[in-house]
Structure formats: structure tokens, C-alpha cells
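J.: Going down the list, the sequences are from chains A and B. Quick note on the working numbering: the first sequence kicks off at 9 and runs consecutively. Quick note on the working numbering: the second sequence kicks off at 26 and runs consecutively.
If you are wondering where the hints come from, they were derived from the structure by calculation, not from laboratory data. Be aware that a few hints might be false.
[What the hints assert, rightly or not] For lysine to any residue, the following SDA-like pairs were computed, each having C-alpha atoms within a straight-line distance of at most 20 Å: (1) K101(A) / R27(B); (2) K81(B) / N54(A); (3) K81(B) / R45(A); (4) K95(A) / H742(B); (5) K95(A) / L29(B); (6) K37(B) / G69(A); (7) K37(B) / G105(B); (8) K81(B) / I46(A); (9) K258(B) / G269(B); (10) K26(A) / R27(B); (11) K95(A) / E397(B); (12) K81(B) / T99(A); (13) K81(B) / I43(A); (14) K81(B) / R42(A); (15) K709(B) / H742(B); (16) K37(B) / L101(B); (17) K81(B) / T57(A); (18) K37(B) / R45(A).
These figures come from a predicted structure and were not determined experimentally.
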Amino acid sequence: MKSKKDVQQGTLALMVLKTLEMLGPLHGYGIARRIERISGDLLEVNQGTLYPVLLRLEQEGAVDSEWGPSENNRRARFYRLTRAGRKQLETEKREWEVTAAIIERFFALKAGDVA
Amino acid sequence: MRALRRLLARVKNFAMGRRADARLREEMEEHLAMQTEENIRAGMTAEEARRQAILKLGASDAIRERYHAEEGLPLLENAGRDVRYAVRQLRRSPGYAATAIVTLALGVGANTAIFLLTWSIVLRSLPVPHPGELVRYTFRKGEGDIGFSFPQYEAIKKLQGTASGVFAWTGGEGQENVRQNGQASKAYSAKATGSVISVLELRPVLGRGFEADAGEPGAAYRPEVMLAYNYWKTEFHSDPAIVGRSLDVDNQNLTIIGVLPRGFEGLGPQEHIDMLLPISFERVLHPERASMMDSAGAFWLTVMGRLRPSESLKQAQANVNAIRSQVNETADPKHLFLNGGLFSKFELAVEEGYAGRSWLRWKYEKPLVALEGLCGLMMLLCAVNLALLIVSRVSGRMHEFAMRNALGASRGRLMAQVLTETLILGACGLAGGALLGWELAKALVGMITDPGSPPDLRLDAGVEVFAFTAAVSLGTALAAGIWPAWRASRTAPAKDLKQGLSSSGSHRLGRWIIPAQVALGLVLLNAALLMASTLIAHMRQHSGFDAGKAVLGQLDLREAGVAENDRSARALEYLHQLQGAPGVQSAALMTMVPLSGSFGARDYFSYDAQGNLHVNKQIWPEAVSLDYFTVLGTRILEGRAFTAADASGDRTCILSAAAAAYFFPGESPLGRRLYGGDGTSKPKEHAGCQVIGVAEDARFASLLDPAPEMVYSPIEHDSELLRFPTIAVRAATSGLGAETLRNVYKRVFPGAPSPWIERFSDAIDYDLSRQRLLSGVSGGFALLALTLVATGLYGILGRTVIERRREIGIRMALGAKRKQIVAALAKSAALRVAIGVVAGALLAAAGGRLVRSLLYGVTPWNPWVAIATLALLVTVLTVAFVFPAGRAAAVNPMEAIREE
Numbered sequence: 009m010k011s012k013k014d015v016q017q018g019t020l021a022l023m024v025l026k027t028l029e030m031l032g033p034l035h036g037y038g039i040a041r042r043i044e045r046i047s048g049d050l051l052e053v054n055q056g057t058l059y060p061v062l063l064r065l066e067q068e069g070a071v072d073s074e075w076g077p078s079e080n081n082r083r084a085r086f087y088r089l090t091r092a093g094r095k096q097l098e099t100e101k102r103e104w105e106v107t108a109a110i111i112e113r114f115f116a117l118k119a120g121d122v123a
Numbered sequence: 026m027r028a029l030r031r032l033l034a035r036v037k038n039f040a041m042g043r044r045a046d047a048r049l050r051e052e053m054e055e056h057l058a059m060q061t062e063e064n065i066r067a068g069m070t071a072e073e074a075r076r077q078a079i080l081k082l083g084a085s086d087a088i089r090e091r092y093h094a095e096e097g098l099p100l101l102e103n104a105g106r107d108v109r110y111a112v113r114q115l116r117r118s119p120g121y122a123a124t125a126i127v128t129l130a131l132g133v134g135a136n137t138a139i140f141l142l143t144w145s146i147v148l149r150s151l152p153v154p155h156p157g158e159l160v161r162y163t164f165r166k167g168e169g170d171i172g173f174s175f176p177q178y179e180a181i182k183k184l185q186g187t188a189s190g191v192f193a194w195t196g197g198e199g200q201e202n203v204r205q206n207g208q209a210s211k212a213y214s215a216k217a218t219g220s221v222i223s224v225l226e227l228r229p230v231l232g233r234g235f236e237a238d239a240g241e242p243g244a245a246y247r248p249e250v251m252l253a254y255n256y257w258k259t260e261f262h263s264d265p266a267i268v269g270r271s272l273d274v275d276n277q278n279l280t281i282i283g284v285l286p287r288g289f290e291g292l293g294p295q296e297h298i299d300m301l302l303p304i305s306f307e308r309v310l311h312p313e314r315a316s317m318m319d320s321a322g323a324f325w326l327t328v329m330g331r332l333r334p335s336e337s338l339k340q341a342q343a344n345v346n347a348i349r350s351q352v353n354e355t356a357d358p359k360h361l362f363l364n365g366g367l368f369s370k371f372e373l374a375v376e377e378g379y380a381g382r383s384w385l386r387w388k389y390e391k392p393l394v395a396l397e398g399l400c401g402l403m404m405l406l407c408a409v410n411l412a413l414l415i416v417s418r419v420s421g422r423m424h425e426f427a428m429r430n431a432l433g434a435s436r437g438r439l440m441a442q443v444l445t446e447t448l449i450l451g452a453c454g455l456a457g458g459a460l461l462g463w464e465l466a467k468a469l470v471g472m473i474t475d476p477g478s479p480p481d482l483r484l485d486a487g488v489e490v491f492a493f494t495a496a497v498s499l500g501t502a503l504a505a506g507i508w509p510a511w512r513a514s515r516t517a518p519a520k521d522l523k524q525g526l527s528s529s530g531s532h533r534l535g536r537w538i539i540p541a542q543v544a545l546g547l548v549l550l551n552a553a554l555l556m557a558s559t560l561i562a563h564m565r566q567h568s569g570f571d572a573g574k575a576v577l578g579q580l581d582l583r584e585a586g587v588a589e590n591d592r593s594a595r596a597l598e599y600l601h602q603l604q605g606a607p608g609v610q611s612a613a614l615m616t617m618v619p620l621s622g623s624f625g626a627r628d629y630f631s632y633d634a635q636g637n638l639h640v641n642k643q644i645w646p647e648a649v650s651l652d653y654f655t656v657l658g659t660r661i662l663e664g665r666a667f668t669a670a671d672a673s674g675d676r677t678c679i680l681s682a683a684a685a686a687y688f689f690p691g692e693s694p695l696g697r698r699l700y701g702g703d704g705t706s707k708p709k710e711h712a713g714c715q716v717i718g719v720a721e722d723a724r725f726a727s728l729l730d731p732a733p734e735m736v737y738s739p740i741e742h743d744s745e746l747l748r749f750p751t752i753a754v755r756a757a758t759s760g761l762g763a764e765t766l767r768n769v770y771k772r773v774f775p776g777a778p779s780p781w782i783e784r785f786s787d788a789i790d791y792d793l794s795r796q797r798l799l800s801g802v803s804g805g806f807a808l809l810a811l812t813l814v815a816t817g818l819y820g821i822l823g824r825t826v827i828e829r830r831r832e833i834g835i836r837m838a839l840g841a842k843r844k845q846i847v848a849a850l851a852k853s854a855a856l857r858v859a860i861g862v863v864a865g866a867l868l869a870a871a872g873g874r875l876v877r878s879l880l881y882g883v884t885p886w887n888p889w890v891a892i893a894t895l896a897l898l899v900t901v902l903t904v905a906f907v908f909p910a911g912r913a914a915a916v917n918p919m920e921a922i923r924e925e
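Sequences and hints are given; from them, build the entire structure.
T.: Given below as C-alpha cells:
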């Protein structure tokens, strides 16, 4: 059985990849804000948990990171999607869609729909 | 792919000790700063904005921990930390560490030594391709396998149907004289038929092998020799151009045709040949022995074959059963030896041949298997003691474990910590045990090989032996540590933190450990006493010799350059010179070395007083000089020993008691006549010899075999037996005897190599080496076992007394006398010992069958041995009981109760 943390981490990773795809290179705070804004209060995670996820993605080669100047002229670590990351996002997105579709159809069933 | 990439990154980080902690801190700091700004923009005070930002980011320590967990390899990092911690802990309690390591090292050392021998002697395969396909033909009666005659080999080769080829081999028959570049040296050789190359699949590293028909009848003799790899390397410096050169071996000019594969040095662990010669070399060198070589009654060959891939050993055995009588018929059509005659009770059979043939294996396989069994018990005992040590250490540290558990260490981590510690002990035990084992094995090899003959067993500590040792030591440590580790992980902080010492541990533990230790100790002790009684029985039995200070020397008159027809005269000349030498009390010549294991047989017959014919074909003929009986200490029971008058004139002889009883049942043999032959033709008037005396029975071949029926005759009448005479000397000391023997030999045969000399008492020791090995090793085991059992009981009782100090104090306060306290302790200990004794007796009974065939003069059920075992065990246990009991009795009730 997957623990709650694992599910969140996997989901979080997918969200990070999608965010980077849409917005281009971004620092940790930016990613956190974006995810927060889109998911609203639905996803209650500590923002800090983002960083182990980013490290993991980096080790997997899905994202790349480098230091760059932030909006208020300080140093921030900027994350950027790599080609491998783009491919990974595509795959996971497709998988997610398939899973979601199945689940949706499953819940849409009413008794008697299937003889 | 992704997972692999990630693993690589993590391994890299771990290996380089890289930590991105600074980076994470900076990122989080920046994160906070941005969030704070955002919050301020939303209208919070600066202070509140920062507080809210921190809350939103979450517990930074937890995040950092998770970050690190992703970063490197936490499992390995922890293991490394565990090892460091464990080493520190062990160094803080050197007494515990030393006891545990010594216990383990002793057990592992004993196991390694015995396994090293078992591996080298019993298990190791010949270094040839697919040794599992090899089979060895045997010709045996009971245990004794005497080898084959050449006609038998020929018949087997022709008639067998399961092997793709068979070869005949003879080795270990002394050394050859090699001459090259004017330098003379000696070399060990073996001789074989050419088929040895294809059957053993020997691929020469240089040159070629013998032709397949080499040594077979009808094939021309080619003067060729193959060198062993090591001989080529040391004597010829691995000369690549050696093939085609000539080599002078025993004055024969041979061509070197190839170099044998590396590692192949013969058919057994004790055979280390320098060169391989075609078997026909023997005929060229010793034309006089040609008739012996073709006789069906001279057994001098080892015969082996390689099964076809489609055949199994079972099929080969069925095949041998089918051809057995045909082989006898073909090899010995005149029925002189095989069908009827001396060797009719020997049977042709076939067995696995992967290990070749070696007398070491034949002699020591059973003892080594038995010792391996004892080794296993020994190791179990070591494991139990080690477990006890670790448990008492763990229960002493429950407080620490409880604390760590309360601080967040998982149960798994606690277990890992304890196991790491035991594995470190295991590793130290392994190192110590391996060294100890190697030294022990060398000592044991010295015990089982003949001190006088150099080609002895070379030990090979290969990968297999090391793997075995590592498995034994680490396995034992792990097995001993697993329960204590589990116990440590079951800590209940609420309880363990409150209590100083766990109060139940040792008490409950003793319920199992004491009986287990006693049972194992009992079996080992019993086995040792049985082996010792066997050795004593052999030594005390009547041997028919009195070794005293006698020294034996084996003379090689051929080597000394004495012509064939001159040998008996020169041997007697040597004897007289020796007898006249200062310090020599007596000296005698004889034809065979006593206790050499070889035997001779001749047909003799007699007519008793009633005129009945008595024929015996297995009489041992021994030609001796006059003083023989004085020198070897064989007593004359009836009549007289030889005197100078017996050297000429009418032939006289002396019978052993058994021979006398056979040839002249119920009457005095003195003055009667004994005839040579099988009794089919009537003897002439003055043929045969007149019996002048009866000597006591002597175990001439071996102290382990019954005394043969012997006929002694004066050596002057049997001079043809003097080719390799043995001399025996008695002087004030054996050293003086050996010295004189050697010096006089040099004087009489100038330039001849020194004869081979040994003390008679050494020959006796060597003859009993199997028994000495068994009793020595099992005795060592027993000593170790007793120590372990005693320290085990001492340890458990000692801990029990410490843990139950308060209880004892209360009891005393309530009026219990010291005597009662001790009695209660004794009662519980005695009950456990009793359980152990019963279990041990059952175990010993089960194992008795394993050792029965190794015993002599005692059965596995000997009551005296059982009583001695029990008495020894109980004595040792009592000593181990006295100290803890004394401590229990010395408990001061007031102090014990006030503590807490």
C-alpha cells in the first residue's frame, strides 16, 4: 500500500513539471506560489516539502537548476525543465488522463448500466 | 532508466561525501524572504509576515532531513555510522570484546583446521576438466584396496563398456636419479600408460603428451618424459625451448616431449610428481622385474577411467558386476591368484574418481567426517556462548536502547545496531580463526604424515576454504546475535527507562542455554574420552614388540652400488661392523620393516603328529639375523632363538605362536618340520626347516591389524630377500643408535646416500597416527567445550545473582538462611544440568553409530566412559557454581533492599 506521503510526492512532482512547462525557468518560491494558486486550499502541503521533490527530479534528470538573480536582486536557484523532463511530463500526463478517465467512467456507472 | 540515473547521482554524492546543505539553506532563506515580502505587501507587520512565512514553509529540520534522505544513500550512511559506533562501544568494553572474539576464534579456528584437512584430503577434485566424470576401479577386500596388476588393467580396458578410456598409473615409489649438465639430482616420478593424457584431458602447456598406446603391450617403447609444471618452472626456469631437449633419468636418455598442465601433480593430495614417464620405462629400467610386472598377482597399479557423457556411475557399477568374473578369467587364466588362491576374496568394483586415489583419503576420510561432526557441535556451543555474552550485554544496555527508542530510533535501527556489533565481532573472530586454523592445520598435517618421507600433504587454502570459514564465523555471529538484537528492539521505554537492570533476562535465558550447553559439552567430552580409550587400548595391547630405544634403518644396496649377487654378503658385513661399533648393544637385519603396512605371503605346509596335512597360503616369511628377537623385543615362548650354528647346516625356523597353533595344533612344534609349498607334492626327507622355537605373536604389519602367522628363518638361508634389507639397532640412546648406524654405513658403503632412519617408537606413533589425530583433536575440543560450558554456567548464574539481589535480600530479611539461598540456586541449576545431561545422552546415542567404526577396545556405550564423562562434567560445573553461589550467600539484606 502506498503511504499518503508517497501519493503527495508523486502528485507534487507532476505539478512541478507542469508548472515549469508552462512558465519556464522558475525558483522554488515561484513554483510553490503557482501550485498554491491553482490548487487553492485543496492541497495542504508545507511549501518546504517542495525542495526534496525538486532534488529528486534533478537527480532523475527531469529538471536542471542554476543560480540566477531573483526579482529583488538576490541570488535564487532557478529550475528549468529538461528534454527528459518534458518527455516524462508527457508520459505521466497521458497515464494520468487514462487513469482519470477510467475512474470517471467507473463512478459514472449506475446499477443496471452493465448487464 | 530514471531510477538508475538517480541511483548513480546518489552513489556519487555518497561516495564524495557531498552535502548540498548550504544550497538548501540558501534556497529556503530566499523562499522565506520572498514570502515575507509578499505577506508585508498583503498588509502584515514585518514580524507577523516572517512568522507566517516560516509556518507556511514547515518544519525546516524535517525538510532538511528528508532532503538528505533523497540526496545520498541513507542506508549505507547509517551502516557506516553503526560500524563506527559499534567499534567505539566495543573498545569501551575490551573484556567483553576479547571474550567474544576469543570464543569465536577458537571455534572458527578448529573448524577451519579440520575443514582445511577435509577439503585437501577428501573433497578436493583433481585439477583436470570435468573431474565428476572420472571413475576409479578398486580391487578390495573390506576397507583395503590394493590396486591392480597389469593383466587386470588390460582385461578391464578390453572388457569394460562405460568409460571412453582407462589408464593405469603407478607413483610414489621413491625417486629417480636425474642428471643434467653434469649435475645429479633427485626427482619424484609417476609412470602411466599413454591413455592418461586423453582420459584426464591433460592439455600440455608446452609440447605434446604421450601417444595413446604408450606403455601398452605391443607398442614400441619411446624414451620420452613429460615434466610437471612446477618442476619445469624451478629446475628449468620455465624454459620455453625445453621441448625436444634430452634428460638423463636413471642413466636412460629421455626426450622431453611436453610440460604437464599447471597444478596437476599426481592422483592424490600427497603426490607431488616432478615428471611423468611411460609405464614401459619400468621394464626398461628393471628388466629383472619384468615377470613381476606381467604377473596377475602383483598389484601395483591405479586404474581410472572417464565415463562417457551418457553413462552414470550406477551404470558403470552394473557393467563392472557383469564383467567381474570375465576380467579375472582373462587376467589370470591359470587361476593362480584371482580365481582361488590368495586374492580370491578381493573384488573388482568401481567408484567415483574425482579425487583420484590417495592413501591419505583412504586412511583419514572416516576420522575427518567424524571430526567434522564434532566441529559442528563445537561451533554450536560457541554460538550458544556467544549468544549468552551478547544477551547479557544487551540486557545491560537496555537503558540505552530505551533512550534511543524514545529519541526516535526505529526498532529496525536498534536491531541493526546490535547486529552490526556482532558482525564486527564475527569479522574479528574470522581473522583470528583463519590464522589459528591455518597453524592448527599445519600441526595436524605434521601429525598424520610420516616424519621420514618428504612427499607429504600440501595444504591448499583456496577460495572454498575461505568461503567456508567466512560463512561459519559470520553465520555463527549472526545466529548468536539475532535473538539479542530482537530483544533490544523490543525495548519498552516506559519500563526500561525506569528500571536500571532488566530483571528477567538471564533467569529466563538460563532455562534454555544451560541445558543446551551441558548437552553439547557432554557429547564432545564423551567422544573425546572414547577416542582416548581407543588410543590407550591400541597402545596397551600386546604388540609383540618392545620398541625401547631401538632405531630402524632402511638400506638400499642397489643405490649403494652393490652388485646383485654380492648383496647378502655386504649386508652381513655391515651388520658385523655395526655390532662391533662402540655403544651398540645389539643389531639385527631383517627383510621387511615392521609396521610398514606392507605384507608378504608364502605357502607352507606341515604334517601334525597324526599325519594330518595342514596347508596355509598366507604365511608371512621373515628372514632375520641371529639377534633379531633381542633387538625388536619379541619374546621366545618355547624352545630357543637362533644361534650362530643356525647360519649353516640344517635349515631351522621359528614360528609365531599363531603359526605354531595352526601347523601343529595341540602339540609341541619343537623339532618338527615345516615345508614350503602348497602340500600337493610329498616333501623330501630333509626338505623344509626344523622348528626350533616359538615366538610370541607380533603385529608386524600394523598395530591396528591382528598379528599375522609368521615363519622366521635365518637370513643366511634367504639371501634373495636382502635386496632392500632393514636394519635395527639398539644403543644406550636412540640418537647414538641412529648416529652409529649412519656412520658405519658410510664406512662400509663409501659414497652411498644415507639410509632412511627412524626411531622404532616413532614408527609406532605413526602407525597410530589416525588414532592420535582423533584423540588429540577431540581432546582439544573437549577441553574447549568444558571451558565454554563452565564459563557459560558461571556467567548465567553470576548475572542471575546480580539481577535477583533484591529478591535474595528480601528473602534473607524474611528469615531465609544463607544455606537455603544457595540450595535454591543449586536446585534450579541442577535441574537444568540434568535436562542437559539427558539431552546430551540422547544426542551421543544418535552419534554413536558415526564413530563406532573408529573405536577399538571400547563401544559407544561404555559405562566407564559414561561415568568418567559425567564425573568430569559435574566437577567442572561445580567449580563454576561455587563463585556465584558464594556471591549470593554474601548478599547483605539491608544493603540489597535499600538499593534501588
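J.: Check each numbered hint from earlier against the structure, then list the numbers of those it violates in ascending order.
T.: Result: hints 4, 11, 12 and 18 break, sorted rising.
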